[in-house]
Amino acid sequence: MAVEINLDALLDKEFQSKSYAEILDAPVSALKGVSDGDGELLKQAFNITTVGDLGKNKFFHWAQLLQQLSAAGAK
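According to the UniProt record's numbering, the sequence shown holds residues 1 to 75 in order.
Worth flagging that the hints you see were computed from the coordinates, not collected in a lab. Don't take every hint at face value.
What the hints assert, rightly or not - Okay, derived cross-link-like pairs now, DSS-like style, lysine-lysine, Cα gap no bigger than 27 Å in a straight line:
#1 32 to 43
#2 32 to 56
#3 58 to 75
#4 18 to 56
#5 32 to 58
Stated by the list, open to error - Ranges between beta-carbon positions, derived for each pair:
#6 4 to 24: 14 to 24 Å
#7 1 to 37: 40 to 50 Å
#8 9 to 36: 18 to 28 Å
#9 10 to 47: 20 to 30 Å
#10 1 to 44: 17 to 27 Å
Where a beta carbon is used, it is the ideal one built from N, C-alpha and C, also for glycine.
Let the sequences and hints guide you as you build the complete structure.
Right, dumping it as structure tokens:
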């Protein structure tokens with residue numbers, strides 16, 4: 001069974017019809033709410049230039065994991 005998801009709430013309009021590969025190669029400013037300036041700061045701090053880079057960044061993964069563990073009641 002195929003699963004479809006509407007990514008319009010996550011992406012700026014010009015990226016809403018792109019493939020996943022194109023989105024992952026897009027600048028982080030393709031994400032709704034992330035400005036070009038934000039993208040420049042991410043590049044300077046973490047060498048993140050694309051949506052894919054952001055998704056693979058170990059620091060963001062660690063922060064997500066800690067948040068999920070806390071929400072699940074881990075101490």
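### Query
Any hints this thing doesn't respect? Which numbers, in order?
10
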